[in-house]
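**Q** The chain contents come next:
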Amino acid sequence: MSQIAVDSFETLIRDAGEGYLIDLFRPRESALAHLRRLLADAKLTPEDLLNEYKHNPHKVRAFLQVLATASPRMLVMVWRILHGMQVASVEMEYQARSKFHLRVRLSSPDDPAGTEQYESTDIDDAVVLRHLGVMKMNGHPFFDGFYALNLSGS
Amino acid sequence: MIGGRDVIIPTRRGPDALDLAVRAVCRLWPDAVMEDAITGEGFRRYRDISFAGRSEILAFRDPHSAAAWDKLGADPSLDGTLIHLLLSDAGLTVAIDASPPPEVTSFVEGLGQSLRQDLFASTATRKAA
Numbered sequence: 001m002s003q004i005a006v007d008s009f010e011t012l013i014r015d016a017g018e019g020y021l022i023d024l025f026r027p028r029e030s031a032l033a034h035l036r037r038l039l040a041d042a043k044l045t046p047e048d049l050l051n052e053y054k055h056n057p058h059k060v061r062a063f064l065q066v067l068a069t070a071s072p073r074m075l076v077m078v079w080r081i082l083h084g085m086q087v088a089s090v091e092m093e094y095q096a097r098s099k100f101h102l103r104v105r106l107s108s109p110d111d112p113a114g115t116e117q118y119e120s121t122d123i124d125d126a127v128v129l130r131h132l133g134v135m136k137m138n139g140h141p142f143f144d145g146f147y148a149l150n151l152s153g154s
Numbered sequence: 155m156i157g158g159r160d161v162i163i164p165t166r167r168g169p170d171a172l173d174l175a176v177r178a179v180c181r182l183w184p185d186a187v188m189e190d191a192i193t194g195e196g197f198r199r200y201r202d203i204s205f206a207g208r209s210e211i212l213a214f215r216d217p218h219s220a221a222a223w224d225k226l227g228a229d230p231s232l233d234g235t236l237i238h239l240l241l242s243d244a245g246l247t248v249a250i251d252a253s254p255p256p257e258v259t260s261f262v263e264g265l266g267q268s269l270r271q272d273l274f275a276s277t278a279t280r281k282a283a
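Line by line, the protein sequences give chains A and B. Using the numbering used here, the letters of the first sequence correspond one by one to residues 1 to 154. Using the numbering used here, the letters of the second sequence correspond one by one to residues 155 to 283.
Honestly, I wouldn't trust all of these hints.
20 Å max Cα-Cα, derived EDC-like pairs, lysine to aspartate or glutamate [to be verified]: (1) K136(A) with E263(B); (2) K136(A) with E195(B); (3) K54(A) with E263(B); (4) K54(A) with E257(B); (5) K225(B) with E263(B).
Using C-beta positions, here's what the derived DEER-type ranges look like [unchecked claim]: (6) A113(A) with G158(B): 46 to 52 Å; (7) P109(A) with P256(B): 21 to 27 Å; (8) R270(B) with E93(A): 39 to 45 Å; (9) K43(A) with D216(B): 34 to 40 Å; (10) T121(A) with G207(B): 39 to 45 Å.
Source of the hints: derived by calculation from the structure; they are not laboratory data. Just so you know, even glycine gets a beta-carbon here, dropped at the ideal spot from N, CA and C.
Working from the sequences, and respecting the hints, build out all of it.
**A** Laid out in structure tokens, this is it:
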């Protein structure tokens with residue numbers, strides 16, 4: 001990857017208000033490489049984020065907030081929600097000291113039969129639940145969208 | 155939309171608020187047709203919308219309603235088929251008919267409640283990579 005691309009990625013992160021991802025990482029000079037590896041594990045590239053940032057910076061900001069915490073599979077799920085997939089169901093099982101299991105099923109608004117399922121047994125992945133939009137319409141519950149938290153100082 | 159009313163939902167979340175409102179419209183009206191009220195650019199799906207710099211979106215209930223609005227304008231026969239979303243620094247304004255159908259009323263109430271929740275109002279602590 002070129003130096004220009006690396007610089008663009010750092011600029012994006014800082015413009016999005018998530019510069020702490022770089023500044024608080026140790027050693028700091030390895031932060032971008034680490035973040036690129038996390039993206040690659042989720043089959044994404046800095047260029048994917050840069051392209052999305054031009055059109056929807058708020059979505060990229062939300063994604064960056066879980067990049068360092070969520071597993072690659074859950075990052076894929078987040079990316080899919082950001083691109084229009086709807087949250088069809090969430091099941092979570094938790095027992096202190098012994099068990100965590102999260103299962104999320106996404107559906108396509110264009111094809112209700114087109115579903116995708118994402119599972120995790122790593123409690124770090126519970127972080128994604130904090131970012132889901134919560135709505136009630138006609139008394140019916142909905143999780144929809146994935147949004148940035150209002151981080152202090154950002 | 156004759157004699158409509160504006161419901162102002164205070165929020166400083168900008169594009170997040172407009173994004174959530176559009177997603178909510180798509181839940182309310184799965185066949186909705188959306189249009190940028192300023193540029194006239196049309197969208198059939200949430201994922202087609204670039205929210206950067208966008209502040210006003212018209213959501214028609216379905217393609218038939220959108221076509222009828224084009225042809226008739228604000229005709230009483232089209233009551234309850236259009237929701238106008240307008241983003242400003244102060245909040246999100248949802249313009250609806252004066253006597254909207256119950257599902258639209260519920261939509262506005264649900265959206266307002268959602269935007270007042272912790273996700274859109276609270277401050278969390280940062281975490282390093």
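**Q** CB of A113(A) to CB of G158(B), is that within 46 to 52 Å?
**A** This hint is violated: roughly 37 Å between Cβ atoms.
**Q** K54(A) and E263(B): Cα distance at most 20 Å?
**A** 32 Å, violated
**Q** Okay, P109(A) versus P256(B) on CB: inside 21 to 27 Å?
**A** 23 Å, holds
**Q** Measuring from beta carbon to beta carbon, are R270(B) and E93(A) in 39 to 45 Å?
**A** 30 Å, violated
**Q** Take the C-alpha atoms of K225(B) and E263(B), compute the straight-line distance between them, and say whether it is at most 20 Å.
**A** 30 Å, violated
**Q** Decide if the proposed pair is consistent with the structure: K136(A) and E263(B), CA atoms, cutoff 20 Å inclusive.
**A** Distance of about 8 Å is within 20 Å: holds.
**Q** Taking 39 to 45 Å as the stated bounds, is the beta-carbon spacing between T121(A) and G207(B) within them?
**A** 41 Å Cβ-Cβ, so the 39 to 45 Å window holds.
**Q** Check the hint pairing K136(A) with E195(B) against an upper bound of 20 Å on the C-alpha distance.
**A** Cα-Cα ~29 Å, so violated.
**Q** Holds or violated: K54(A) with E257(B), Cα cutoff 20 Å?
**A** Status violated; Cα separation ~35 Å.
**Q** Please test the hint of 34 to 40 Å on the beta carbon pair from K43(A) and D216(B).
**A** 36 Å, holds
This entry does not satisfy hints 2, 3, 4, 5, 6 and 8, going by the numbered hints stated previously.
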